[in-house]
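J.: Next come the chains, spelled out residue by residue.
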Amino acid sequence: MEGNLKQSHHIGAKTYLLVWAALMVLTGVTVGVTFLDLRNFAIVAAMIVASIKALLVLLYFMHIRYEKKVFPFMILATLGMFWLFLILTFMEVFTR
Amino acid sequence: MNIEQHTEEHYDPVSNSMGMWLFLFTEVMLFGVMFILYAMYLHTYGIDFRHGSGQLNLVMGGLNTVVLITSSLTMALAIWALSLGQRSKSFLFLGATIALAGGFLVVKSFEWAAKFHHGIYPGSAELLSRSPGEMVFFSLYFVMTGLHAFHVIIGMILITVNAGFLAKGKMSPERMDLMKNTGLYWHLVDLIWIFLFPLFYLIV
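Quick note, the sequences are listed as chains A and B, same order. Position 21 (the first sequence) corresponds to 21 in our numbering; numbering is contiguous. Position 192 (the second sequence) corresponds to 288 in our numbering; numbering is contiguous.
Calculated from the structure, these hints are not laboratory results. The beta-carbon is built from N, C-alpha and C at its ideal position, and this holds for glycine as well. Keep in mind that a hint or two might mislead.
Claimed, not checked - Covered stretches of chain B, as calculated for chain A (at least 3 residues, CB under 8 Å):
(1) 132 to 139
(2) 153 to 166
(3) 169 to 175
(4) 286 to 295
What the hints assert, rightly or not - Covered, in the sense of this in silico footprint (three residues per stretch, anywhere, with C-beta under 8 Å from a C-beta of chain B), are these stretches of chain A:
(5) 11 to 20
(6) 37 to 47
(7) 51 to 58
Using the sequences and the accompanying hints, generate a full structural model.
T.: Structural data, given as structure tokens:
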């Protein structure tokens with residue numbers, strides 16, 4: 001209970017502003033990369049940048065870095081489920 | 097600190113936040129299935145998808161990305177301000193978040209209106225005359241950004257409710273789970289857009 005109250009004070013406005021600035025820079029990067037003509041790698045590059053942005057939002061805006069361990073575990077389990085669905089779907093697509 | 101009063105009522109902030117996360121996981125799966133559909137059709141109709149993506153307005157999409165990420169910042173700052181007991185500051189940040197969310201919807205509606213103007217909407221004669229890949233691309237575009245915009249509207253309502261509770265003095269730094277959970281919801285809406293933006297606007 002007390003620990004939880006302390007946690008909410010863990011992140012200051014400065015951290016949020018830094019995360020926001022990083023997200024802005026990464027948005028610029030992902031738009032800039034499209035002008036490089038990477039062909040098939042373009043989508044991979046876009047997804048890598050989007051995943052980094054998502055990680056920043058999860059860790060700082062959504063406080064996962066400061067939560068109990070069970071929260072990141074639950075998120076990983078959900079993402080694992082998503083990847084399982086994705087892989088199973090593509091196994092069907094590729095062997096059609 | 098009036099901890100006794102809280103334990104009496106079985107107040108449990110960790111469970112409150114976990115319940116919200118469980119709901120967010122169902123949202124991840126809801127959008128996740130659509131992302132899988134998108135990936136499958138991108139694999140099938142790669143060239144048509146690139147052609148469709150080239151017709152979307154990159155400037156408007158980029159602007160909306162900036163607007164939504166900034167609204168995530170103001171939402172986080174609203175929670176931060178209230179946790180320090182600064183109610184009026186928190187109220188202002190909530191107001192800014194609602195304004196930015198409204199801005200996002202305005203830009204989005206201009207984009208959709210421009211597409212409708214060119215005869216591009218699900219089932220339109222213009223779209224039916226195009227390649228199957230482009231039809232699928234624009235169908236996914238309207239369904240996914242439409243469902244996302246619907247989430248933005250729900251988020252705006254939730255944030256307004258929070259602002260109302262805050263103005264009535266019904267929210268305190270000790271009891272602010274409603275605002276924290278609203279924040280989680282709002283950040284998820286932002287997260288989904290972070291993936292929607294490159295998939296629809298940047299695959300040229």
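J.: Of the hints given before, which are not true for this structure?
T.: The structure breaks none of the hints.
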